[in-house]
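Here are the chains, one letter per residue:
2 protein chains.
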Amino acid sequence: MKIVCYKDNILKAINSVVKGVASKTTMPILEGILIQTNDDEIKLTTYDLEIGIEYVIKCDVKEQGSTVVNAIMFSEIIRKLPDTEINISVNNNNLLEIECEGALYKLATMNPDEFPELPKIEVENSIEIEQNALKNMIRKTIFAVSSEESRPIFTGCLFEIENNKLSVVAVDGFRLALRSMYLNKQSNNFSAVIPGRTLNEVNKIISDSFEPIKIGVSKNQALFEMENCKIVTRILDGEFLNYKNVIPSNWETRIRVNKNSIQNCFERISLISSSAVEKEKKYPVKVNVDIGKVVISCTNQTGDAKEELYVSTEGKNLEAGFNPKYFLDSFKAIDDEEVYIEFGSSISPCLVKSVENNDYTYMILPIRLKED
Amino acid sequence: MKIVCYKDNILKAINSVVKGVASKTTMPILEGILIQTNDDEIKLTTYDLEIGIEYVIKCDVKEQGSTVVNAIMFSEIIRKLPDTEINISVNNNNLLEIECEGALYKLATMNPDEFPELPKIEVENSIEIEQNALKNMIRKTIFAVSSEESRPIFTGCLFEIENNKLSVVAVDGFRLALRSMYLNKQSNNFSAVIPGRTLNEVNKIISDSFEPIKIGVSKNQALFEMENCKIVTRILDGEFLNYKNVIPSNWETRIRVNKNSIQNCFERISLISSSAVEKEKKYPVKVNVDIGKVVISCTNQTGDAKEELYVSTEGKNLEAGFNPKYFLDSFKAIDDEEVYIEFGSSISPCLVKSVENNDYTYMILPIRLKED
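Chain order of the listed sequences is A and B. Under this note's numbering, the residue at position 46 of the first sequence is numbered 46, and the numbers go up by one with no gaps. Under this note's numbering, the residue at position 261 of the second sequence is numbered 261, and the numbers go up by one with no gaps.
Isolated chain A, as found in the complex (with noise of 0.2 Å):
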């Protein structure tokens, strides 16, 4: 193998594949990128046997020939190089060697006939989106996965495709976050829910652009697919909530208010709430809706917090209790100016919705407050 190519164009390369490397495996080989020329292309491909990525580039193939290189080695001597042509080969010791200007690195290589195949893919059912729309709708729900490998379908956010709109919905017992979006192209309904750890990682390959990006699944797996990449990750088995039935549709108090104000409320709020040395759970911050005020509260033996924000109120007025950092996390993720808060009774769930759009919702159970 022999190949002469552009720093930049290989280091775009080995950047997106090197995020499919495993971390903690026994077996060195899935540590490793495998480069396979292809007439005048390469293909890097890493695969961890969950998530399997693969990025092809044109470059100047001297001589055809595959090989397995360790990603991380391989990766950081390319990011350190000066920004020009490199020669990269297989010398008669199997030792890859990198020439750049007076540089010249010769590292240990695996046989790459090892390498684990990556699944094939019958793709069934696929959709087309922007990068730029699905790394939104990653960011607005992956928060709110579940982390407890107790119930795995939780670990994963559903895609659910119903009459041309894309639904990404992520809920992990507490909370459970909802953006949706109309797809342009006349498409199948079909679901499927992709591992949090996939959409992480996919959401670092992505670009913040217009490109396209087609999400297809077929029975086991789902494949990511852009110009000169392919993510292939398994699809997560198992019963999905019907989070249709759980989000309400009435509320009894809703208030209107400026997001950034009551987000540092919080902030402030969940230093003394959190500080507690028994578990933050055990001591929600209290929320009252009084006409045209909310206040929010909270004490413990850190000290004694109270926050009083003037609001737009409608409805009745309400007690209940919160985890402050189910709130936070909605507050990040909406980037509106203002945001409706909708409860129903002090324990049923509420609901936080940008005013200005409606393409989110996402929604908090309550604490019971202690009687003191």
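In short, the hints are calculated from the structure, not lab data. It should be emphasised that the depicted structure is a prediction, and the values quoted were computed from it without experimental measurement. Any given hint could be a false lead.
Pairs of lysine to any residue residues, derived as SDA-like cross-links and limited to a Cα-Cα distance of at most 20 Å, are as follows [as the list claims (entries may be wrong)]: (1) A:K80 x B:F331; (2) A:K286 x A:E267; (3) B:K286 x A:G102; (4) A:K7 x B:E267; (5) B:K2 x B:K62; (6) A:K259 x B:P82; (7) A:K106 x B:E308; (8) A:K7 x A:T84; (9) A:K80 x B:T299; (10) A:K106 x B:K286; (11) A:K306 x B:N92; (12) A:K106 x B:P284; (13) A:K293 x B:E101; (14) B:K2 x B:Q64; (15) A:K214 x A:N164; (16) A:K106 x B:S274; (17) B:K165 x B:F210; (18) A:K306 x B:K106; (19) A:K325 x A:F143; (20) A:K185 x A:K204; (21) A:K259 x B:E101; (22) B:K316 x B:N288; (23) B:K293 x A:E267; (24) A:K204 x A:I57; (25) A:K214 x A:A133; (26) A:K43 x A:E31; (27) A:K306 x B:Y310.
Place chain B on chain A using the hints.
Then chain B, alone, in the frame of chain A:
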């Protein structure tokens, strides 16, 4: 105690003193900030029994008094309040009340009489320099301070004033950094070894400005004095290295090289040299100087690396082994474009100097190369 102050003002004071707060202590009072009013000023003090920091600001004192409050909690709350006037007072239950717009926080306080008194310093000798000059001197030497507690004197920097010249020296047994500057004002000769930890904190507190800072020394203590802020520290006891005797004054081999070019070579090669499973000390990089070029190379089980750089050389050819990290530290400390690297024999120390400035000298001891 009751004061009214602007957030900006008190936050600046808190940010400075909070660096003196004990992090791991069994005495909760040392995790506190002592707040004391004095006419129309308040003084904030922290002291971890090694470094003491005082900061004085003007504010509207409604009621004289003093208290101690947990530093982290107090600083976090103030930091997150809006940019406006803050009311701070101690209520009848001995809680510190912080009031600002709709926010009201009450924090537990501690008894100010139990706060340890900072040592009184009888300054015997002192100098005054600009804060940015001190910052520069600390930055260029502190990384060479020893972290080995077995020889405590080398965990500090020597400050030596001799014939109106200030020299700051750090040494750790493998390399030495020396930065010197002439003082504007006549000064006595004296010297003191200031703990590296103190200098790190001083460095964070002083600004990158021409504002003056006075460094005063008594028998056991040193005092850094700025307009609103004083830092007290113990000085280290013992005999520092007679550094003038160990810095070679002649060279046998000298190269002159663009700093960034050689820095890049050492950065890349240290990817290989420091990746070896065994301790990096056992895998020095080999430096070869021949007429018109320098070759840096390294071989271990990870791979093989060679960097060739065309440079201007003087004197004999040379082969010697070094830890590349020590070179990299010096390149980061030197702001100029070109450096001299001066070698003696393969077993004598090597010097790195700026070509443009002679106020900085950095010395590295070689590592004996293994005979293959």
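**Message:** Please list, smallest to largest, the hint numbers that this structure does not respect.
**Reply:** As far as the earlier hints go, 20, 23, 27 are violated by this structure, in ascending order.
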